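S.K.: Below are the chains, spelled out letter by letter.
2 protein chains.
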Amino acid sequence: MPEIPNAAADRIIRNATGLRVGADAAELLAKELDEIGKEIAEGAGKLARHAGRKTVKKSDIELAMD
Amino acid sequence: MPEIPNAAADRIIRNATGLRVGADAAELLAKELDEIGKEIAEGAGKLARHAGRKTVKKSDIELAMD
Numbered sequence: 006m007p008e009i010p011n012a013a014a015d016r017i018i019r020n021a022t023g024l025r026v027g028a029d030a031a032e033l034l035a036k037e038l039d040e041i042g043k044e045i046a047e048g049a050g051k052l053a054r055h056a057g058r059k060t061v062k063k064s065d066i067e068l069a070m071d
Numbered sequence: 006m007p008e009i010p011n012a013a014a015d016r017i018i019r020n021a022t023g024l025r026v027g028a029d030a031a032e033l034l035a036k037e038l039d040e041i042g043k044e045i046a047e048g049a050g051k052l053a054r055h056a057g058r059k060t061v062k063k064s065d066i067e068l069a070m071d
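Protein chains in written order, with my numbering: chain B, 6 to 71; chain L, 6 to 71.
Do not take every clue at face value.
Note that the list lumps identical chains together, so a pair holds whenever it fits in one copy or between two copies.
[Unchecked claim] Pairs of lysine-lysine residues, derived as DSSO-like cross-links and limited to a Cα-Cα distance of at most 30 Å, are as follows:
| no. | residue 1 | residue 2 |
| --- | --- | --- |
| 1 | Lys63 | Lys51 |
| 2 | Lys43 | Lys63 |
| 3 | Lys62 | Lys51 |
| 4 | Lys63 | Lys36 |
| 5 | Lys62 | Lys36 |
Since the hints were derived computationally from the structure, they do not count as laboratory data. Source: prediction; values computed, not measured.
Could you build the full structure based on these sequences and the hints that come with them?
M.R.: Here is the structure:
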């Protein structure tokens, strides 16, 4: 189930382009950003566990994005 | 102003890792996904304009993600 609201993706596209946005365009962008977020999060989770923590910290996200 | 709610980024990290999530970790992921979304949207907007349209379509997002 996607976590990022389609409405958020719609606003990102409208703000970035000044154009109108098809509903399926916003839906696809939301899905894609969810997937990218999941990949970053999985990497960050491995880093947190590797450091012996049970909490994902900002530094884990930073390193996972590198 | 970020469009993706921190709460959505928090859920993405929790679901992907099963770990607890620092508030600043969720905030950073939300900000990063906003930025990635903006870049994809800008590319998609150029493609829509190039095609003579005033609406960003799903196919613009697809091509911009390639």
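S.K.: Is it within a copy, between copies, both, or neither that the alpha carbon of Lys63 lies no farther than 30 Å from that of Lys51?
M.R.: Within one copy only: 13 Å inside a chain, 33 Å across chains, cut-off 30 Å.
S.K.: Measure nothing new, just compare the shortest in-copy and cross-copy C-alpha distances for Lys62 and Lys51 to 30 Å and report within, between, both or neither.
M.R.: Within one copy only: 12 Å inside a chain, 36 Å across chains, cut-off 30 Å.
S.K.: 30 Å Cα cut-off: does Lys62 pair with Lys36 within a copy, between copies, both or neither?
M.R.: Both ways: Lys62 and Lys36 sit 24 Å apart in one copy and 15 Å across, limit 30 Å.
S.K.: Is it within, between, both, or neither for Lys63 and Lys36, if the alpha carbons may be no more than 30 Å apart?
M.R.: both (23 Å within a copy, 12 Å between copies)
S.K.: Should Lys43 paired with Lys63 be assigned to within, between, both, or neither, using CA atoms and 30 Å as the limit?
M.R.: both (15 Å within a copy, 22 Å between copies)
Checked against the numbered hints listed earlier, the structure breaks none of them; every hint is satisfied.
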